Amino acid sequence: MATVSTVRYQRGRGSELMLLGLAALVTVAARGLVDYHADVIVISQMVWYTVVVVAVLLAIHIALRRWAPDADPVIVPAVSALTGIGLAMIRRIDFAWAARGKPTHFGETQTMWVLVGVGLCITVVLVLRDYRVLRRFTYTAGVLGLIGLILPLMPVIGHAVNGAQIWIKLFGRSLQPGEFAKIAFVIFFAGYLQTNRDTLAVAGPKILGIRFPRARDMGPLLVVWAAAIVVQVAERDLGTSLLLFGIFVGMLYVATRRTSWVVLGVGLFLIGAAFAGTFFGHVRVRYVAWLHALDPDVYSSGQSEQLVRGLFGMASGGLFGTGLGQGRPDLVPYAYSDFIVPSLGEELGLTGLLAILLLYVIVVQRAMRTAIGVRDGFGKLLAAGLGFTIALQTFIVVGGVMRVIPLTGLATPFLAYGGSAMIANWIIVALLLRISDQARRPQEVTA
Amino acid sequence: MNEPVRRLSVVTLVMFLALMIAASWTQVIQAGSLNSDSRNVRTLYREFGNFRGPFVVDGESVVFSKPIDDPYNFQRTYTDGKLYASATGYYSIVFGKTALEQTENSLLAGTSDALFWNRLRDLFGGREQQGASIELTLREELQRTAAEALGNQKGAVVAIDPKTGAILAMVTSPTFDPAVLAGHDTQEVNDAYAALDADPDGPLVNRAVAGDTYPPGSTFKLIVSAAALDAGYTPDSTVYAPDSLPLPNSSKSIENYGGESCGKTEQITLEQALTVSCNTAFADLGITLGWDAVQRKAIEFGWTDTFRVPLVVTPSRLPLNPDDAQVAMSSIGQFDVRATPMQMAMVTAAIANRGVLMSPYLVDTARASDLSVIQRSIPTVYSSPLTSSEASELTQMMVSVVNNGTGTAAQIPGVTVAGKTGTAETGLDTAPHAWFVGFAPAENPVVAVAVIVENGGSLGSEATGGKVAAPIAKKVMMKAIELAKEDS
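Residue numbers (our numbering), protein chains in the order written: chain A, 1 to 447; chain B, 1 to 488.
Quick caveat, the hints were computed from the structure, so don't treat them as lab data. Computed from a predicted structure; not experimentally measured. Incorrect hints may appear among the rest.
What the hints assert, rightly or not - Some chain B residues close to chain A (C-beta under 7 Å, calculated; not the full set):
{"id": "1", "residue": "15"}
{"id": "2", "residue": "426"}
{"id": "3", "residue": "430"}
Said to hold, decoys possible - What the simulated footprint calls covered on chain A by chain B, stretch by stretch (three residues with Cβ under 8 Å from a Cβ of chain B suffice, anywhere in the stretch; the number is not a length):
{"id": "4", "segment": "102-116"}
{"id": "5", "segment": "378-386"}
{"id": "6", "segment": "413-419"}
Unchecked claim - Sample of chain B residues lacking proximity to chain A, with all beta carbon distances greater than 10 Å (derived):
{"id": "7", "residue": "12"}
{"id": "8", "residue": "24"}
{"id": "9", "residue": "28"}
{"id": "10", "residue": "31"}
{"id": "11", "residue": "35"}
{"id": "12", "residue": "40"}
{"id": "13", "residue": "41"}
{"id": "14", "residue": "45"}
{"id": "15", "residue": "70"}
{"id": "16", "residue": "71"}
{"id": "17", "residue": "191"}
{"id": "18", "residue": "260"}
{"id": "19", "residue": "263"}
{"id": "20", "residue": "322"}
{"id": "21", "residue": "400"}
{"id": "22", "residue": "471"}
The beta carbon of each residue, even a glycine, is placed where N, CA and C say it ideally should be.
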């Protein structure tokens, strides 16, 4: 006898609304403090800002209630808080520059990108009703990803900023196609690995107690490794190559469950790193700056100056920070983009920085939970891959500014200034919401 | 695939844990050394970003921090920079701090422990941290009079209230305007400093307390006189005063200024010897008393001591184990005897204050932003080099110097002035340094002053202490007496 029974479950939309209220509070309060300390606080503007923040968050909330009612209720509040804190800090740097007679308008531009990003997030949730459709575009995504990587090398549209050839210019706007390529690659990896995981998991020779894959199955790993090196060489973009390679190894491990792939991946990575360090001057500079940042010679030659200035900022923040708007983060180059984390460390202190890192942990863990909860392999790989992308990207850039690893240029997800990254990361959020909606949807339980 | 996802999620946790440990390491454990790193301009900016307390002279802020719209937030402003540079020094983003800007830094910056409760109040009151104001002992009119009297001549003037030790005037010439070093344009400040540093006249040198010490010349005869009084002499005791005194074990001899005789006979009184500044008499007296006695007296007046006012005063020097010829030369303030103008002012002040030397000081009061007194200088005794009767005997001799001797240029109508001139040889080719030390009124002194004009000043080789330095001292003493009358 089969009976159908409904199970009481929590969709979590109510909790989400409450958490969104907290995110709105953090966003508005941060901006209020920044404006207050820059002596430009205008109540009518604060009211407007509050209205817009609440409206935007409500828009996502209503969209989710309507089109993805079972989506994870924690992801959006967490990334919203991060975005709001980032907006306040970017605005704060604008004020610092204005006070020095060199006005910048990163804050306004970034606000626009956030609106575009959130808009696209809602659109993706709305349009992409079933993420499994994406599997059909496995190879298309792969090709798009490659194109995205190669575009900055094209004449006319491609151009370099600070030595890294990772930008294209279209209609007067700069774009970092690498940020979108990473999403395309995660989709491609998820589709490809889901299809080929059995072949890849087939046992090969056993060396030193670890079973290695068969030589002919190592193809994909070698291809991605080679691609990462090519990116690195041609575009001088250490961050993106490290990110892509890391995502692939991580997803390969999830697909095959073979430690041997990780060992191989890390081995190949180390070979590549050693090679780059030996033959590329700009990579060697990064190593030296990383290992001997405080050495007077290295510092005065300018190799580690930016890094050390960031450390000085964080040190002056100490445990509780100088307070928003009361430090001197503008003394660090790129305080609004690559070095936004030291800026936050200075003004919010270790306490604030740990809270921010915990927000990332929450987002990443929610993505991983989604991967575990969803029932199809493609969805698992996709969710885990996207979650790992956020984690790895954050680790690479924050680890870089804190001397955990050599400094490479990447945008801190949700916090840093930059349209491409902001949009790309909100699209990742949309995909995660979609998958989690599937994962948390109640099943008909047959007993 | 759930197991590897779980493991991957543990990997991400470890990654973030590493970031958190790194952040804690940087912001807590390493923070101290990073904050004190000389390359960290934040410390400087933080200091400049706070309201730094002013220097106050006679109730007026002469140095203060003016709000300014640049990254430093405040501009250190010196309204009469050249006049007070000798005391305040400068406060520069490029060259750091000197003089009182440095010694009083923790009070000015508000970081001093003495300001703890004020800081706490500011914190809870939401007010910006404010530094204390420092009230100087300098008197505006006296400082200006001394600077104007000295004019363009190289030298220094120190005026002290002998009863307290308060430094009423401290002038060094040439001087500089701290404002040119306090600018926020690094290049301009560098250029200004390079120009000051390269100036052969040394405007950055504080000649009053920390220049090259000077041979005190005949003003050192006050020390020898004090030693003589200590040994039982009186102003009326006779001393040997030949026209020429052969130096022991030497072919040279000491003569009097201009080759003149000190008196009608070779035996004159001690008072007479000081009045005419008789070289042969004091050279012989030094040998008679013995160097130990002279040296002991000098040390009692502060010679060879390093002390702070709170600017560090260069120790004045005495020769080591001089032979008799060297003792003779030393006794008239030549050979290896060297003194700062501050030291000579202290000698004078001690005589003026009945033999009790008060520690000289420049800072009167430190007040918090709410005007409450945080620190107030209490006059302290430095030493007692003379008995009261010795001091009055020496005063009597010094009055004679001004009334009948070499110091007549220091006479003030209606006021008894005590003084001593000095004309210190500096070498064969250079004009002598002109000295005058003195105090007035002799009966109840309100000021003790020491003046030095390097290489004779505007008179060059024609100069004597009486001609060049005494008129400057006179102007300073007159102004001090006028101020004392106004105050009472």
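Hints, verified against the model:
1. 15: 4 Å, holds
2. 426: Violated, about 45 Å.
3. 430: Hint violated; residue 430 of chain B Cβ to chain A Cβ min 45 Å, cut 7 Å.
4. 102-116: With 0 residues closer than 8 Å to chain B, the segment 102-116 of chain A misses the three-residue bar; violated.
5. 378-386: holds (count 3)
6. 413-419: Coverage by chain B is violated here, the residue count being 0 at a Cβ distance below 8 Å.
7. 12: 4 Å, violated
8. 24: 6 Å, violated
9. 28: 6 Å, violated
10. 31: 4 Å, violated
11. 35: Answer for residue 35 of chain B: violated, closest chain A Cβ roughly 5 Å.
12. 40: 4 Å, violated
13. 41: 7 Å, violated
14. 45: 5 Å, violated
15. 70: 7 Å, violated
16. 71: 5 Å, violated
17. 191: The claim holds: residue 191 of chain B sits with its nearest Cβ about 22 Å from chain A, beyond 10 Å.
18. 260: 65 Å, holds
19. 263: Nearest chain A Cβ is 70 Å from residue 263 of chain B, so the label holds.
20. 322: Holds, because the least Cβ-Cβ distance between residue 322 of chain B and chain A comes to about 49 Å, which exceeds 10 Å.
21. 400: 65 Å, holds
22. 471: 53 Å, holds
In summary, the structure is inconsistent with hints 2, 3, 4, 6, 7, 8, 9, 10, 11, 12, 13, 14, 15 and 16 from the numbered list given earlier, while agreeing with the others.
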